[in-house]
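First to last, the sequence lines map onto chains A and B. Using the numbering used here, the letters of the first sequence map in sequence onto residues 1 to 100. Using the numbering used here, the letters of the second sequence map in sequence onto residues 101 to 479.
In short, the hints are calculated from the structure, not lab data. C-beta atoms are modelled at their ideal positions from N, C-alpha and C, and glycine is treated no differently. Hints may be right or wrong, so weigh each one.
[As the list claims (entries may be wrong)] In silico negatives: residues of chain B with every beta carbon more than 12 angstroms from chain A:
id, residue
1, Ser203
2, Ile222
3, Asp234
[Said to hold, decoys possible] Mimicking SDA-like on lysine to any residue, the simulated pairs with C-alpha atoms at most 20 angstroms apart in a straight line are:
id, chain 1, residue 1, chain 2, residue 2
4, B, Lys116, A, Ala64
5, B, Lys369, B, Val345
6, A, Lys38, B, Arg359
7, B, Lys369, B, Arg256
8, B, Lys440, B, Arg402
9, B, Lys311, B, Arg354
10, B, Lys311, B, Pro382
11, B, Lys116, A, Gly61
12, B, Lys157, B, Arg354
[Claimed, not checked] Below, a sample of chain B positions facing chain A; criterion: calculated Cβ distance under 10 angstroms:
id, residue
13, Pro349
14, Val400
15, Tyr401
16, Pro405
17, Tyr465
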Amino acid sequence: MCLGIPGRIVEITGLTAVVDFWGVRKQVALDLVDEPVKPGDYILNHVGYAIRRIPEDDIEGTLALYEELLRETDGGDLMAEDVAGELGSLGPAHPKGEPS
Amino acid sequence: MNGTTQMKFRDPARAKALVDRLHALMAEIGRPVNVMHVCGSHEQAMARFGLRATFPKSLNMIMGPGCPVCITDQPEVDEAVALVMQGATVATYGDMLRVPGTSKSLADAQAAGGRVEVVYSIDQAVAIARTTTDPVVFFATGFETTAVTTATVLLRDDLPSNFTVLSAHKFVPPAMNVVAGMEESLVEGFLAAGHAAIITGWGIFEEFVEKYRMPVVVAGFEPLDILAGMVALVELVGRGTPAVVNAYPRCVTREGNRRAQEQLWRVFKMQSGHWRGIADIPEGNLEIRDEFAHRDARRVYRVDPALAAGDGPSDLAVQCLCGSIMVGLKTPHDCALYGKDCVPENPVGACMVSSEGTCKIWWQYGGRPDVAAMIGGAR
Ligand code: SF4
Numbered sequence: 001m002c003l004g005i006p007g008r009i010v011e012i013t014g015l016t017a018v019v020d021f022w023g024v025r026k027q028v029a030l031d032l033v034d035e036p037v038k039p040g041d042y043i044l045n046h047v048g049y050a051i052r053r054i055p056e057d058d059i060e061g062t063l064a065l066y067e068e069l070l071r072e073t074d075g076g077d078l079m080a081e082d083v084a085g086e087l088g089s090l091g092p093a094h095p096k097g098e099p100s
Numbered sequence: 101m102n103g104t105t106q107m108k109f110r111d112p113a114r115a116k117a118l119v120d121r122l123h124a125l126m127a128e129i130g131r132p133v134n135v136m137h138v139c140g141s142h143e144q145a146m147a148r149f150g151l152r153a154t155f156p157k158s159l160n161m162i163m164g165p166g167c168p169v170c171i172t173d174q175p176e177v178d179e180a181v182a183l184v185m186q187g188a189t190v191a192t193y194g195d196m197l198r199v200p201g202t203s204k205s206l207a208d209a210q211a212a213g214g215r216v217e218v219v220y221s222i223d224q225a226v227a228i229a230r231t232t233t234d235p236v237v238f239f240a241t242g243f244e245t246t247a248v249t250t251a252t253v254l255l256r257d258d259l260p261s262n263f264t265v266l267s268a269h270k271f272v273p274p275a276m277n278v279v280a281g282m283e284e285s286l287v288e289g290f291l292a293a294g295h296a297a298i299i300t301g302w303g304i305f306e307e308f309v310e311k312y313r314m315p316v317v318v319a320g321f322e323p324l325d326i327l328a329g330m331v332a333l334v335e336l337v338g339r340g341t342p343a344v345v346n347a348y349p350r351c352v353t354r355e356g357n358r359r360a361q362e363q364l365w366r367v368f369k370m371q372s373g374h375w376r377g378i379a380d381i382p383e384g385n386l387e388i389r390d391e392f393a394h395r396d397a398r399r400v401y402r403v404d405p406a407l408a409a410g411d412g413p414s415d416l417a418v419q420c421l422c423g424s425i426m427v428g429l430k431t432p433h434d435c436a437l438y439g440k441d442c443v444p445e446n447p448v449g450a451c452m453v454s455s456e457g458t459c460k461i462w463w464q465y466g467g468r469p470d471v472a473a474m475i476g477g478a479r
């Protein structure tokens, strides 16, 4: 739950971004990130919110752990399950900002 | 017990160098050292990659109160269960479903016909509220990293009027004070959680270091990040230097995420509260400020936790040692129920429910796997 997951911004509309997580595209809210972000930037997502823009130089180091976890899922791996859970349940329809 | 998922270190030579350095440092110190981390993801990484097995035997790394689900107090779960029994829809994160209150969990309330929804983010709870006029309560749990998302949503002016929040959010730094101040505590230094520090910044630990003369190292979650953090921490302990070191500079800055902090403190204030099985933690709870009283389920509804408390805890539940485990006085192996009456499929205590709980992590990864071979027989 506290690990979060990194992804690459594909496009931004207002305060919502479409973010690519290893081929899975999801919407992520930008209300909390404290630096300007643009398509192509990597962010760390936590429960549907970008909490940090990952600096260019650090992207590879940050992705490595997740790639290891996503590659070697054999069931019963809590860390891999948590990461997969973040991927699987990121809601496709981000309701924020739409008039009710 | 499940087998351990083995992993090759990304850079075995560097891992070995760090492990060797840890052993050299501990040999210099020449006595046992106890340090604590406060993050479920650190425990997962340490168990999964078997890092403890590479540590010198005299170096003891304890998991502190770093599992937000585990420290959510029974009366807080009771409040959520009571709201369901009173007819509200309660939405919450998946891990909370099976966490026992005094006698019932939200899963029990659901099985009894109550409306309980598992959501991935608070926005999904808001979306549910938009589909109905009935009360929808988001049972908000988690540390500062999650609390900021609750805060940002409560600042929106387009929320449906039937949407409220039952806050069980907790703030980690005050819990470190409590552990450091415990007379029986052996902890000499803290490994702070990298992602909580993304929000608060590492500067927040300066006051703690000053007050308790104890070092804090902020560390990431990659095995190499953790090993590097441990080396920095043991160096500080050995030299007797109380300082904050940021061993995760690629994510954490001194001031942290100002924008998120600003939203967090506009919506929440610190309030003393009980952490399950541990103690009253002064300023450890995040309470919704008066300006947002109309979004605070505790003030909008008359929540009666006694409704959910039933006959009180079961005979098994009173034997749970979660609280002592989370302050480093006991380990899961000290609990007579561990792996017998208490297993992930049928958990007695919160530490066996959550994927971030010490008991579940140790059980799932088989306790302390030996990975010395993975880095070329470092030890
Ligand atoms: S094994 Fe179960 S009962 Fe024992 S301390 Fe852990 S969670 Fe509590």
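Below or equal to 20 angstroms on CA atoms is what counts here, so check B:Lys311 against B:Pro382. The given pair, whose Cα atoms are some 15 angstroms apart, holds under the 20 angstroms limit.
Minimum beta-carbon distance criterion (10 angstroms), B:Tyr401 to chain A: Violated: closest Cβ of chain A sits about 22 angstroms from B:Tyr401, beyond 10 angstroms.
Verify the proposed pairing of B:Lys369 with B:Arg256, using a straight-line Cα cut of 20 angstroms. holds, 18 angstroms
Starting from B:Lys440, check that the Cα of B:Arg402 is at most 20 angstroms away, please. Violated, at roughly 39 angstroms.
For the pair we were handed, A:Lys38 and B:Arg359, check the Cα-Cα distance against 20 angstroms. holds, 18 angstroms
A cut-off of 12 angstroms on Cβ-Cβ distance, and B:Ile222 was said to be off the interface with chain A. Does that hold? The claim breaks: B:Ile222 does not keep its Cβ more than 12 angstroms from every Cβ of chain A (closest is about 7 angstroms).
Per-residue hint verdict: B:Pro349, partner chain A, C-beta under 10 angstroms: For B:Pro349, the interface hint holds, since the closest Cβ of chain A sits about 9 angstroms away, which is under 10 angstroms.
20 angstroms Cα cutoff - pair B:Lys116, A:Gly61: holds, 18 angstroms
Are B:Tyr465 and chain A close enough, Cβ to Cβ, to be under 10 angstroms, as the hint says? holds, 7 angstroms
Assertion that B:Asp234 lies outside the chain A interface [Cβ separation over 12 angstroms]: holds, 16 angstroms
Cut-off 10 angstroms, beta-carbon criterion: hint that B:Pro405 touches chain A: Violated. Min distance 24 angstroms.
When the least beta-carbon distance from B:Val400 to chain A is tested against 10 angstroms, hint result: violated, 19 angstroms
The structure does not agree with the numbered hints 2, 5, 8, 12, 14, 15, 16 stated previously, though it agrees with the rest.
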